[in-house]
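From first to last, the protein sequence lines are chains A and B. Counted from 1, the first sequence has number 210 at position 210 by the working numbering; the numbering is strictly sequential. Counted from 1, the second sequence has number 1011 at position 11 by the working numbering; the numbering is strictly sequential.
Everything labelled a hint here was simulated from the structure, so no lab data went into it. Here a beta-carbon is modelled for each residue, glycine too, at the ideal position from N, C-alpha and C. Check each hint, because a few of them may be wrong.
To be verified - Computed beta-carbon distance windows for the label pairs:
| id | chain 1 | residue 1 | chain 2 | residue 2 | range |
| --- | --- | --- | --- | --- | --- |
| 1 | B | L1054 | A | D22 | 40 to 46 Å |
| 2 | A | G58 | B | V1093 | 32 to 38 Å |
| 3 | B | F1031 | A | A178 | 57 to 63 Å |
| 4 | B | V1064 | A | F136 | 48 to 54 Å |
| 5 | B | L1054 | A | F221 | 56 to 62 Å |
| 6 | B | R1143 | A | A178 | 28 to 34 Å |
| 7 | B | A1169 | A | P61 | 24 to 30 Å |
| 8 | A | H191 | B | L1157 | 55 to 61 Å |
| 9 | A | S167 | B | G1058 | 32 to 38 Å |
| 10 | B | G1058 | A | G58 | 25 to 31 Å |
| 11 | A | I23 | B | R1143 | 42 to 48 Å |
| 12 | A | A178 | B | A1162 | 28 to 34 Å |
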Amino acid sequence: MNMPSPILPLKFDSVWFYGHDDIPLIKDFNIELNAGPRTIIVGPNGAGKSLLLRLCHGLLPPTKGQITWTSTTAQHAQAMVFQRPVLLRRSVYANIDYALSLHHVEKSQRGARIEDVLNKTGLSRHANAPARMLSFGEQQRLAIARAWALRPQILFLDEPTASLDPSATHQIEQLIQAMHDQGTKIVMTTHDLGQARRLGDEVLFLHRGRLLEQAPAEHFFTRPTNDLAQAFVTGELLWWKRGEGPRRDPKHNR
Amino acid sequence: MNDIVQALQTAITLIVSLDANLAEIIGLSLFVSLTAVMIAVFIGLPLGAAVALLRFPGRGAVQVTLNALMGLPPVVVGLVVYLALSRAGPFGVFGLLYTPTAMIIAQVILVTPIIAALTRQVIEDLWGEYEEQLTSLGASRVRAMPTLIVDGRFSLLTAVLAGFGRATAEVGAVMMVGGNIDHVTRVMTTAIALEVSKGDLALALALGIILLAISITVGATAQAFKDRQESRGQR
């Protein structure tokens, strides 16, 4: 079997993205995502976290600037798991099989791959069940199984545990960890600082479309250099008024 | 009032005794309508899906045209098909006028826009839900077409049923291009029209009851199928 060529690092060179009415939603991003460390993207609502993932994954083109992968075959070496899993109206097995067929995996190889990821995600007994009959947590595990079956070099996850209870969240985190252990680069957005601490090796902190801090997780959570990142880590509320700069919760302004 | 009651009794007798003339008309009606709907499905589903997903110059005009053609007057279709198939027309050499084939052609023209327009709406709605995931998996819009048709099958069944309803209820166009010839092109709707004009209400009523029964049976079967699939989580 041919080994796929490495697609990382992923580079952003002065990337801007404008939304409706020409409002800049991603402003002048210059980042490099390397293979290995798990990258967690945090920030308040509207910071541009999900948008950044979509730009990385190629679901949206940048308005200005360049996003480049090391290899031209990057499209087939990456996968994404969304906050709400979108599953086809077919069986659990058929959902994974469909994804593999899109990636031109030989039919003779698909069965073993599907059984492997179903075992890893604990969904083997649901293989023939309609995917949409699964619980929300199981559906998210299936979304991860589908992504895993593609053997991506990089996996993007957009708040994959946002609507899950602690038990289901724990299961998803274990799967993400297992994929990381097998060599998949993890890039994930989350609102949950505890989760960012548990899973993150490096953290990107975004605020209103700007990257304010990129640091190793330990550094980010203990001594963030940016004022707003510090406020965010300590749980202060961040907000802003039109035409004014960002504000912090006055109770914390001591 | 007595005439109507008597006609109803005769109609029921005709149905129960499986009258040969009645059976022949029903058989031809179903053959013509089902064939037309099948052809319309083969054209309408991919056409509707293509208009929903693909971006090409004139797409807006195609959308408007499809919607407009949903209300196509049957007599106009009948007239156009008649002119095309008549001896002086461009397809006159095939000798199709006053044959079931001519009736199928007219019904295909009437039914296809209905199926295509309803398919477009269903696929567009599904695409809104699936776009990011399918794009993420590497599916192009063309590759997504069969996927969305399969996944939207239960909603699309409604579109097919609407087409079938239009086909079975059609009278004007099939009368013009079929000629309502006994044992050749006489179908339920044209027979009802003829028998009423002759004052023979019994056969007309019998055919009317059967036409209604077919519509209800098809609709109920489709609904039962959808409900069953829904309970199995396939919707």
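Outcome of the hint check:
1. B:L1054 with A:D22: 40 to 46 Å: Given a distance of about 28 Å, which is not inside 40 to 46 Å, the answer is violated.
2. A:G58 with B:V1093: 32 to 38 Å: violated, 55 Å
3. B:F1031 with A:A178: 57 to 63 Å: holds, 59 Å
4. B:V1064 with A:F136: 48 to 54 Å: At roughly 41 Å between Cβ atoms, A:F136 and B:V1064 fall outside 48 to 54 Å, so the hint is violated.
5. B:L1054 with A:F221: 56 to 62 Å: Violated, since B:L1054 and A:F221 (Cβ atoms, about 49 Å apart) do not stay within the stated range.
6. B:R1143 with A:A178: 28 to 34 Å: holds, 30 Å
7. B:A1169 with A:P61: 24 to 30 Å: violated, 49 Å
8. A:H191 with B:L1157: 55 to 61 Å: At roughly 41 Å between Cβ atoms, B:L1157 and A:H191 fall outside 55 to 61 Å, so the hint is violated.
9. A:S167 with B:G1058: 32 to 38 Å: violated, 54 Å
10. B:G1058 with A:G58: 25 to 31 Å: The hinted range 25 to 31 Å holds for B:G1058 and A:G58, with Cβ atoms some 29 Å apart.
11. A:I23 with B:R1143: 42 to 48 Å: Violated, at about 33 Å.
12. A:A178 with B:A1162: 28 to 34 Å: violated, 49 Å
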